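Next come the chains, spelled out residue by residue.
Number of protein chains: 2
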Amino acid sequence: MKALVLEELNKGLNYKEIQPESKAGEVTVQLKAAALNHRDVWITKGLYPGIEFGTILGSDGAGLYNNKKYIINPSFDWGDNPRVQSGRYNILGLPRPGTFAESVSVPEENLVPMPEHLSWQQAAALPLAGLTAYRALFSRCELKAGENVLISGVGGGVALFAFQFAVAAGANVWVTSGSEEKIEKAISLGAKGGVNYKNEDWFKELMRRSGGVDVIIDSAAGDGFKQFIKVANPGGRIAFYGGTKGKINGLNPQLIFWKQLNIFGSTMGSPEEFKKMVSFVNEYKVIPVVDSTFELSNGNAALERMDAGKQFGKIVLNIS
Amino acid sequence: MKALVLEELNKGLNYKEIQPESKAGEVTVQLKAAALNHRDVWITKGLYPGIEFGTILGSDGAGLYNNKKYIINPSFDWGDNPRVQSGRYNILGLPRPGTFAESVSVPEENLVPMPEHLSWQQAAALPLAGLTAYRALFSRCELKAGENVLISGVGGGVALFAFQFAVAAGANVWVTSGSEEKIEKAISLGAKGGVNYKNEDWFKELMRRSGGVDVIIDSAAGDGFKQFIKVANPGGRIAFYGGTKGKINGLNPQLIFWKQLNIFGSTMGSPEEFKKMVSFVNEYKVIPVVDSTFELSNGNAALERMDAGKQFGKIVLNIS
Chain H
278 MKALVLEELN KGLNYKEIQP ESKAGEVTVQ LKAAALNHRD VWITKGLYPG IEFGTILGSD
338 GAGLYNNKKY IINPSFDWGD NPRVQSGRYN ILGLPRPGTF AESVSVPEEN LVPMPEHLSW
398 QQAAALPLAG LTAYRALFSR CELKAGENVL ISGVGGGVAL FAFQFAVAAG ANVWVTSGSE
458 EKIEKAISLG AKGGVNYKNE DWFKELMRRS GGVDVIIDSA AGDGFKQFIK VANPGGRIAF
518 YGGTKGKING LNPQLIFWKQ LNIFGSTMGS PEEFKKMVSF VNEYKVIPVV DSTFELSNGN
578 AALERMDAGK QFGKIVLNIS
Chain Y
278 MKALVLEELN KGLNYKEIQP ESKAGEVTVQ LKAAALNHRD VWITKGLYPG IEFGTILGSD
338 GAGLYNNKKY IINPSFDWGD NPRVQSGRYN ILGLPRPGTF AESVSVPEEN LVPMPEHLSW
398 QQAAALPLAG LTAYRALFSR CELKAGENVL ISGVGGGVAL FAFQFAVAAG ANVWVTSGSE
458 EKIEKAISLG AKGGVNYKNE DWFKELMRRS GGVDVIIDSA AGDGFKQFIK VANPGGRIAF
518 YGGTKGKING LNPQLIFWKQ LNIFGSTMGS PEEFKKMVSF VNEYKVIPVV DSTFELSNGN
578 AALERMDAGK QFGKIVLNIS
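As you go down the protein sequences, you meet chains H and Y in turn. The opening residue of the first sequence carries number 278 in the working numbering; numbering runs sequentially from there. The opening residue of the second sequence carries number 278 in the working numbering; numbering runs sequentially from there.
Among these hints, one or two may not hold up.
Since copy identity is lost for identical chains, a pair holds within one copy or between any two.
[Stated by the list, open to error] Below are the EDC-like pairs computed for lysine to aspartate or glutamate, each with C-alpha atoms no more than 20 Å apart in a straight line:
no. : residue 1 : residue 2
1   : Lys346    : Glu393
2   : Lys293    : Asp500
3   : Lys587    : Glu482
4   : Lys421    : Glu298
5   : Lys421    : Asp357
6   : Lys346    : Glu386
7   : Lys300    : Glu285
8   : Lys524    : Asp500
9   : Lys553    : Asp478
10  : Lys562    : Glu393
11  : Lys322    : Glu581
12  : Lys279    : Asp584
13  : Lys587    : Glu549
14  : Lys322    : Glu284
15  : Lys469    : Glu457
16  : Lys279    : Asp478
17  : Lys507    : Glu379
18  : Lys469    : Glu549
19  : Lys587    : Asp478
20  : Lys481    : Glu549
21  : Lys279    : Glu457
Bear in mind the hints are in silico, worked out from the structure with no lab data behind them. It should be emphasised that the depicted structure is a prediction, and the values quoted were computed from it without experimental measurement.
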């Protein structure tokens, strides 16, 4: 089969013919589409632990098994503690051979029936980002209809799912972005409004317009994080699943305890959360936003687009 | 009646005869003992919002009403949201006349029967600190038997109750303090061990000896807080109810989200939590640690002892 294989760092992936692996006790899914995550870009640059050359990358995929359509749960060995993944936890596409290929071998329990309203591309866009967004928003922050939500840095995969899920759940959703164009797109998808975080007083504008927010979903952390403490309503919940802006500084403890705030680190999710996430997408007919689609053979162009950070939604690979 | 009244700043309280207030719809409790909180010291220094001269201070008290013994819940107007107190929330002893007096007027719903195993002094030691400790440890951090717990700065009122409650609940409890004597006292009360936070590598020693902790209860915040992120086990919960060391800096976001950590600001607690706290004390026969007892007329000596920060346990006022 054809696959995109990591064979050296900083040179993208090699599109080549390789022998499919079929592990005992697992099933082989004929992939129809895959999607990229930042993780894939970081691996190609050597910025991820446990890199092994010869690995087929890719965590997200949808395809056929026994003539039925499935979405693949990319999480393995979460373990039995709902609070946190086990030490054995791993993600499809390193060390396991991933979804940037014509087929992939996974345990049958990792297959979840694909909602009928989704195309292959939309379904493939869902797994890792949808799972991370679902856990952060619902399991961790316990979002309820009617609450005010802030999604920071809308445009990235997880942020956009958190945004869409919050809108679907009946929340009043606000966004931040460094791009006016992304803010406009978010408004067209149901945001109450947005503020540009390049404006130093963005949090004052957000306070004025929203009256404060109950739930915040962030992936940047860094020095800007402290402003979330100000815009959070009493009893507010703040979850973050990334830290692209580095360490968190300058948190005012009195404001945090007097408002009884909750700050959650969150990543990925359990198999139960994956099933709940797909059910939610099915119930509310959420349509994942696909930024662009590339052929599997053109995977490096897709990686370059992700690395440039201009996307709005998921970058998908067609597999035919 | 005799009472300790705030009439000027930085001069302690005036012990004087004043007319008891008896509000409509409330009951009058004949106080037998009261206890101090840092709040009382801060008020005498003008370091608390809403200071009014002429106020009788004191949040903690136990006494007789209708010949029955009661502990007083010092919380008013929590509201109906278990996540956070309402904007009307207030605490006995400013603006309401408090417990540093021979009697106090409170709604009957604020009275909880006093556990029989407690003396007046021990019962009076319990309310505000016990409530804050209970909410942080059980409602917020959901402590379970067998978990490892760290109580930072053991010796203060809330820290010591959190410590005793965690020991009673069957946890393995570790402490930090700047005083070897306080660490030894905590060990004599059931701590597995303790480390001196004046040692720069205290967190490494704690990691080595405890293997990591599941729950952390802190009141200092400040630059040392970031070490809690390191000693917390995956799925760990960190609650703080104070910020004596100032702003929190240098939190590593990757460590927080990968370990799925939870950071909670917590203060006081709801009426339901107060009742649960007293039930817990009764069920496990917890004996509050009384550092020292002063007569009501000698209240300023008690305030000075609290301000000096040498106490281990609560500072109590006898009211006869």
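Results of checking the hints against the structure:
Taking CA atoms no more than 20 Å apart as the test, Lys346 paired with Glu393 passes inside one copy only; the shortest distance there is 9 Å, against 66 Å between copies. For a Cα distance limit of 20 Å, the shortest separation of Lys293 from Asp500 qualifies neither inside one copy, at 43 Å, nor across copies, at 51 Å. Neither within a single protomer nor between protomers do Lys587 and Glu482 lie at most 20 Å apart by alpha-carbon distance, with minima of 25 Å and 46 Å respectively. In the homo-oligomer, the alpha carbons of Lys421 and Glu298 never lie at most 20 Å apart, since the shortest distance is 44 Å inside one protomer and 44 Å across protomers.
Only between protomers do Lys421 and Asp357 lie at most 20 Å apart by alpha-carbon distance; the minimum there is 16 Å, versus 26 Å within a single protomer. Taking the shortest Cα distances, Lys346 and Glu386 sit within 20 Å of each other inside one copy (14 Å), while across copies they are farther apart (60 Å). In this assembly of identical chains, the alpha carbons of Lys300 and Glu285 never lie at most 20 Å apart, being 26 Å within a copy and 79 Å across copies at closest. For the homomeric pair Lys524 and Asp500, the shortest alpha-carbon distances inside one copy (7 Å) and between copies (13 Å) are both at most 20 Å.
Taking the shortest alpha-carbon separations for Lys553 and Asp478, neither the intra-copy value of 38 Å nor the inter-copy value of 43 Å comes in at or below 20 Å. In this assembly of identical chains, the alpha carbons of Lys562 and Glu393 lie at most 20 Å apart only when taken from the same copy (9 Å versus 59 Å across copies). In this assembly of identical chains, the alpha carbons of Lys322 and Glu581 lie at most 20 Å apart only when taken from the same copy (12 Å versus 61 Å across copies). For a Cα distance limit of 20 Å, the shortest separation of Lys279 from Asp584 qualifies neither inside one copy, at 23 Å, nor across copies, at 73 Å.
With identical chains, the CA atoms of Lys587 and Glu549 are never at most 20 Å apart, being 32 Å at best within one copy and 51 Å at best between copies. For the identical chains of this complex, Lys322 and Glu284 are intra-copy neighbours only, at 11 Å inside a copy versus 68 Å across copies, given an alpha-carbon limit of 20 Å. Only within a single protomer do Lys469 and Glu457 lie at most 20 Å apart by alpha-carbon distance; the minimum there is 14 Å, versus 56 Å between protomers. In this assembly of identical chains, the alpha carbons of Lys279 and Asp478 never lie at most 20 Å apart, being 50 Å within a copy and 53 Å across copies at closest.
In the homo-oligomer, the alpha carbons of Lys507 and Glu379 never lie at most 20 Å apart, since the shortest distance is 49 Å inside one protomer and 42 Å across protomers. In this assembly of identical chains, the alpha carbons of Lys469 and Glu549 never lie at most 20 Å apart, being 31 Å within a copy and 37 Å across copies at closest. Taking the closest pair of Cα atoms, Lys587 and Asp478 never come within 20 Å of each other, the shortest separation being 24 Å inside a single copy and 44 Å across copies. With identical chains, the CA atoms of Lys481 and Glu549 are never at most 20 Å apart, being 38 Å at best within one copy and 36 Å at best between copies.
Taking the shortest Cα distances, Lys279 and Glu457 never come within 20 Å of each other, neither inside one copy (40 Å) nor across copies (66 Å).
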